[in-house]
Amino acid sequence: ILNVEQSPQSLHVQEGDSTNFTCGFPSSNFYALHWYRWETAKSPEALFVMTLNGDEKKKGRISATLNTKEGYSYLYIKGSQPEDSATYLCAFRIAGGTSYGKLTFGQGTILTVHP
Amino acid sequence: NAGVTQTPKFQVLKTGQSMTLQCAQDMNHNSMYWYRQDPGMGLRLIYYSASEGTTDKGEVPNGYNVSRLNKREFSLRLESAAPSQTSVYFCASSEAGSQPQHFGDGTRLSIL
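Here the protein sequences line up with chains A and B, keeping their order.
Mapped onto this note's numbering, the consecutive letters of the first sequence carry residue numbers 5 to 119.
Mapped onto this note's numbering, the consecutive letters of the second sequence carry residue numbers 12 to 123.
Straight line, CA to CA, 27 Å or less: simulated DSS-like cross-link-like pairs of lysine-lysine:
{"hint": "1", "chain 1": "A", "residue 1": "K46", "chain 2": "A", "residue 2": "K62"}
{"hint": "2", "chain 1": "A", "residue 1": "K46", "chain 2": "B", "residue 2": "K82"}
{"hint": "3", "chain 1": "A", "residue 1": "K46", "chain 2": "B", "residue 2": "K20"}
{"hint": "4", "chain 1": "A", "residue 1": "K46", "chain 2": "B", "residue 2": "K68"}
Read the hints as simulated data drawn from the structure, not as lab findings.
Sequences and hints are given; from them, build the entire structure.
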């Protein structure tokens, strides 16, 4: 069973604060690391798919980095806004033919941005 | 663009009843997935289909069966529902295993 750990479990910040959270995953047999944003009463929405060690991806005020050798990824949000409030999920895909496309999700970090 | 459509959105069953959850995608994606989401457990993969004509077990397949009817549709069947299967079920699709997954709105299933 693959272990994907996200921390912190929840986070409360003020509007305008910058914040970051962590996703830890197995450092062996790495294929890809996904980040999803999940707003309440909606479905998860893909933010990034990262495949290379050292990858950095950016989408507006949100960015992510990847370290496959040590098995972690950081998600950063610059100048948080109330509409950033959501659960942020990471998911790990292991390399290997029998696991084609299978993602193992972390439990998520719940972000609440207070006005 | 409909994306991934799941039906029904809500369902209440009695223990022992059977039902099929439907999922269809209009993005011509090869891969489709069924997840369940439980409090404190995150999203767990039930079954997936890498391409039309193939299905494979995920992390929690017991008590479920799937059918990849064609490229668009992937259904999940509960043959004899149990209270432990009370959950929110999400269907997802992706162009390939390495691409991001697109999720449906979920089916909230309660088994009494």
